[in-house]
Each structure stands twice: as C-alpha cells, then as structure tokens.
Amino acid sequence: MQEFIEFTLGGLASGIIYSAIALSLVLIWRGTRVLNYAQGGMAMFTTYVALTVINDTGGNYWLGFLAALAAGFALGAVLERGVVRPTVGKPPLNSVIVTIGILIFIEGLAGIIFYNGQSASFPPAYSIVSLKVGSIALGVSWNDVFTAAAVLAAAVLLAALFRYTTVGLRLRATAFNASVSRLLGVRVGRVLTLGWALAGLIGALAGVLVTPTTFLNPNSMDAIFVLGFTAAVIGGLDSPVGAIVGGLVLGVVLSYVGGYLSADLIELAGLAALVLVLMFRPSGLFAPTAVRRV
Amino acid sequence: MNDGSSVAWDEGESEPGAGALDVGGITVRFGGLTALDDVSLSAARGQVTGIIGPNGAGKTTLLNVLCGFVRPQAGSIAFEGKELTRLRPHQLARHGIARTLQGIGLFRGLTVAENVMVGANGSARAGFFAALFGTPWSDRDEQRLRRRAIEALDRVGAADLADDLPGELAHGQRKRVALARALVAEPRLLLLDEPASGLDEGELPEVGALIGELAGSATVVVIEHRMDLMMSICQRIFVLDFGKVIADGTPAQVQADPAVTAAYLGAERESAADG
Chain R
1 MQEFIEFTLG GLASGIIYSA IALSLVLIWR GTRVLNYAQG GMAMFTTYVA
51 LTVINDTGGN YWLGFLAALA AGFALGAVLE RGVVRPTVGK PPLNSVIVTI
101 GILIFIEGLA GIIFYNGQSA SFPPAYSIVS LKVGSIALGV SWNDVFTAAA
151 VLAAAVLLAA LFRYTTVGLR LRATAFNASV SRLLGVRVGR VLTLGWALAG
201 LIGALAGVLV TPTTFLNPNS MDAIFVLGFT AAVIGGLDSP VGAIVGGLVL
251 GVVLSYVGGY LSADLIELAG LAALVLVLMF RPSGLFAPTA VRRV
Chain V
1001 MNDGSSVAWD EGESEPGAGA LDVGGITVRF GGLTALDDVS LSAARGQVTG
1051 IIGPNGAGKT TLLNVLCGFV RPQAGSIAFE GKELTRLRPH QLARHGIART
1101 LQGIGLFRGL TVAENVMVGA NGSARAGFFA ALFGTPWSDR DEQRLRRRAI
1151 EALDRVGAAD LADDLPGELA HGQRKRVALA RALVAEPRLL LLDEPASGLD
1201 EGELPEVGAL IGELAGSATV VVIEHRMDLM MSICQRIFVL DFGKVIADGT
1251 PAQVQADPAV TAAYLGAERE SAADG
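Protein chains in written order, with the numbering used here: chain R, 1 to 294; chain V, 1001 to 1275.
Because the hints were derived from the structure by calculation, they are not lab data.
Accuracy of the hints is not assured; some may be wrong.
As the list claims (entries may be wrong) - Here are the computed distance ranges between Cβ atoms for each label pair:
| no. | chain 1 | residue 1 | chain 2 | residue 2 | range |
| --- | --- | --- | --- | --- | --- |
| 1 | V | Q1091 | R | L157 | 30 to 36 Å |
| 2 | V | E1083 | R | I112 | 49 to 55 Å |
| 3 | V | E1213 | R | R163 | 30 to 36 Å |
| 4 | V | A1252 | R | V88 | 32 to 38 Å |
| 5 | V | A1262 | R | V83 | 31 to 37 Å |
Said to hold, decoys possible - Far from chain V, some chain R residues (derived; all Cβ distances over 10 Å):
| no. | residue |
| --- | --- |
| 6 | E6 |
| 7 | G58 |
| 8 | A70 |
| 9 | G117 |
| 10 | F146 |
| 11 | A173 |
| 12 | N177 |
| 13 | G185 |
| 14 | V252 |
| 15 | L285 |
Note that CB positions come from ideal geometry on N, CA and C, so glycine has one too.
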C-alpha cells in the first residue's frame, strides 16, 4: 500500500510535466495543424536562460523563472513569424522539416552558448525531500506540489483566456476555421503568432519545472518531449483537457512500470503506449469518434 | 464578343447617383478556362442588386473576386469611390464589407452568440495583455461584443438560439445566424451568397423581407439561383452566363429579355422543381 501510494503520487508528479508539454503541443496543433518537434528544444533553451539569470543574480530563482517564461513567449512568437509562417498552406511535410530544423538549430545554439561539456544542475523552487504522513513517505515533495499547482494554474488561466476574452474568441475561431475568420476581419497571422507564443510559454514552464529532476544539457528535454508528445496523442492532440489528463495517465502508468517492473523500462513503455494509441485510437482516448472528419 | 457586358457597364456609368459598388472589366482565368470575361456591374446604395445565372455561370467566382479570395487578371473594383482591387480578405471588415458563405461556415465549436461575436471582433479594443490579465477593459469589451451579437441575432429573429451550438440548429436557423454574423459588423456592403439555398418555400418570404430591410442601411448584393425570390427582392438584376453579363435591368426587364430566357430556361425549370 505504501508503495502504491508512492508510485501513484510520484507518477502524477511527473505526469503533470508531460501534461504541460502536451498542452503546448496541442495549442499549436489546434491553431495551425503543425506538430512542433522543437517544443522540447525550446524548453531546454529557455531553461538555460533561466539558469543564466539565476546565476547572474546571485541565486534569485524567481527572476530566472520569469525570465524563462518571457523567453519562451518571445521565442514562440519569433519562430512562428520568422520560420514557420512561410510553411502555412504548403504540404504538411514542410512544417515537419522546419520544426525539426529548429530543434537541431536550437540544440546546436545551446551547445555553443551554454554547454561546457558538462550537464548543469538546475535548482528546484522548493524542497525536493519527500513529504510524509506519519511514517509513510508519499513519494512527492513540496516542489512536486508547486510543480502541479503551477501547471494547473497555467492551464486554468489559459482556459479563462480562451473562454472569456475576445482574444480567446479569436484564437478559438481561428482554430476552427482560419479562412472564415479572415473573412470576418480577424488578423489570423497575429492570432497564430500569439498561439505559438503561449505554447512557448507553457513549454518554458515545463522546462523549468522538470529540469531539477533531470540535468540540463542540450538534449535533456528530448525524452521528456517524446513523453509529452505521447500524452498529447493519448489526449487526442485537439483537446487541452485531454492533454492534461493524458499526461497524468501516462505519468502514473510509467511510474507503475518503473516501480513494479524496472526503471529501465520506463522510456520503452512510453514508446509502447504511443504505438498502441496510434494503432488503436489514433484520434486519442478522449476524442469522441464522431468528431473526426475527412 | 463583349457586347453584353460592355452595355451593362455603360448603363451602370450613365445612371446618375448609382454605383456605391462599381465593378469594371473583371476577367478571371483558371488555367485555360475563362471563368469571368470582362464583367462589369454596379450596385446602388439602398438597393438590393441581384446576380443570377445558371450553375457554372461564374456567380460565386465573381463574389470571390469581390471579397479578395480570387485575384482577377484584369478589371477594377471600387466601393464608395475607393479602389479595392488589391483587397485581401481580412481587410474587408475594415472597409465595411461583409459576406456570407454558401456553405454557411459557422464555427462548429463556438456557440451561436460567440460565432456572431467573431463577426464583430474588428471593433474589439482590448489588446492581448489586457485580455491575458483579465483587466476590466477586456471584460467590458467581451460584454459589449456579446450585447451587439445578441442585437444582431434579434434582427434576424434568432436571439433565442444564442447559447446553442451550430450543430444543434436546423438549416434555416444556421442561415439566419450566418446572416447575423455578417450584420453585426454593421457593413456598408453586404455580399450574400445564396441566402435561400436549402430553405423551404415557406421560409422564403421571411428571408426576402429581411434582405429588403437590410438594404435600408447598406448596399446589398445577392447571388442566388432561386428566380422567384430574386424577382421579388431585387431592384436590379445582372444575368451571368458563361462568365459574361448577358443582360441587366429591373426584374421585369430581365425576365422579358429573350437572351435570359434562352440561357436560363433549363436552370429555371430545375429551380422550380427544387422548390
């Protein structure tokens, strides 16, 4: 029982990170039908920005945290406007290649600017010592609680932005039908840039939150990106709620695999989950099948 | 070769006070196919101007040219004296032009009220950061758009549908919502693409009355192949056939024109059969 609680809560704690990456992928997919393979690389880069700010300010974590979010927002906007926009309306392969190109470029750039041959460690916001109830270890720390709270708060703010503001209305309208939106006077280009910026921000949040549990190097987000992508596919790629739930489900399943079977199997199990979902429910576990249109 | 269309153009020019919308010499080719051949027409403010013609005559292409979806190889478009030939679709709203789509084009995942609010969004003032941080201004903006959306829905008699999703509505209701979405921006030029398609006979008089009412505040251009409706709502009709204007005039003049009868006979029988 003790183990079960530990694995479940620990799984939710890592799952919420996959949720955040998945959410950033869904934001872009809904708006532009582009799968952003550079999302992990972007998060890695903005985490380096945070680390640099933290080091330069004598250890001010929160300045670094905000710097990462701002950098993620700006990076998303710049990439959309600069290199992704020209692929709009072209065959989907073009955008795939462009985002993979961005990934390679960003990882190379981080190698030149930040990487000195050694992975860096990134500080957590709060204690990473496991919490206990009586003598039972819960498998989660205050930092995990903060991580979950931060991701959920970001998701709630995003949902409110989409639901209750005119900017959100334009974001939703464009996601449903860009050409009709354009006809109605929506500046679709700006809306798409904003979508990428928000996705960059959420990705940056995920990077800052997850890196204390890994190490930071130019490839450190690759595996997390794959799991985030899996979470997004489980959730159906079109559904922000599905992305959150998909991440949590994946986190718990992988935690059981790691805990009860072997930690070596975690990444393999993640890929197996991806393949299974793509084979049997390609529109995701949560997408009503009737919604699919040819 | 261009007799019909150049006659129409001359008449349009010579009518004093006519021509809020002036279209001259529009030619569109898709590959080897000439979809529109030197088409000229004009539409006066406060009137309903109809464009009719058998299927494939180029009606929808013409509408696509008017709203910037299709770039003509030749010709000019001016609205209220402003040259609009190089217009891009998102600039329409800014010039006071709204269009409905044959396929209706409502946003599936947005409520009826939200659909209409998108149509009014050109006047939304709150910037991104104001909206992101939920400042009072953005909130008021949202409220104001919603009020205007409800008013527009009320004008087309669909205010009670505000919170429904488009998928839940009957075809005729969806048409009304699409019309409300075009109206809410208070356009000075309203382009309606087959406003009666898919409606049953009983709904036509109401739609006709509504369109007539809209002409009170805007220049209205209607494309439609339901002759019966067009004859009752239009003050002036242009007849397209194989990409050319073959006749224009009042409904009575057009109906009496032998060229029109020749071009339109088959199609008219067809539309009578639908109704």
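Supplied distance hint 30 to 36 Å, evaluated on CB atoms of E1213/V and R163/R: 34 Å, holds
Cβ separation check - V252/R to all of chain V, threshold 10 Å: 29 Å, holds
F146/R and chain V, when compared Cβ to Cβ, separated by more than 10 Å: Non-interface label stands for F146/R: nearest chain V Cβ at 22 Å, farther than 10 Å.
I112/R and E1083/V - C-beta distance against the hinted 49 to 55 Å: The hint (49 to 55 Å, Cβ to Cβ) holds, given that E1083/V and I112/R are roughly 51 Å apart.
Distance rule for G117/R, whose beta carbon must clear each one in chain V by more than 10 Å: The claim stands: G117/R keeps its Cβ more than 10 Å from every Cβ of chain V (closest is about 40 Å).
V83/R and A1262/V - C-beta distance against the hinted 31 to 37 Å: This hint is violated: roughly 56 Å between Cβ atoms.
Given as non-interface: N177/R, which should sit over 10 Å from chain V by C-beta: Contrary to the label, N177/R does not stay out of reach of chain V, its closest Cβ about 6 Å off (not over 10 Å).
Whether the CB-CB distance between A1252/V and V88/R falls inside 32 to 38 Å: 49 Å, violated
Check on G185/R being off the interface with chain V, judged by Cβ distance over 10 Å: Not fine: 3 Å to the nearest Cβ puts G185/R too close to chain V.
A70/R non-interfacial with respect to chain V [C-beta, more than 10 Å]: Answer for A70/R: holds, closest chain V Cβ roughly 12 Å.
Status of A173/R, Cβ more than 10 Å from any chain V Cβ: Nearest chain V Cβ is 4 Å from A173/R, so the label is violated.
E6/R non-interfacial with respect to chain V [C-beta, more than 10 Å]: 38 Å, holds
Comparing the model with each earlier hint shows violations of hints 4, 5, 11, 12 and 13; every other hint is respected.
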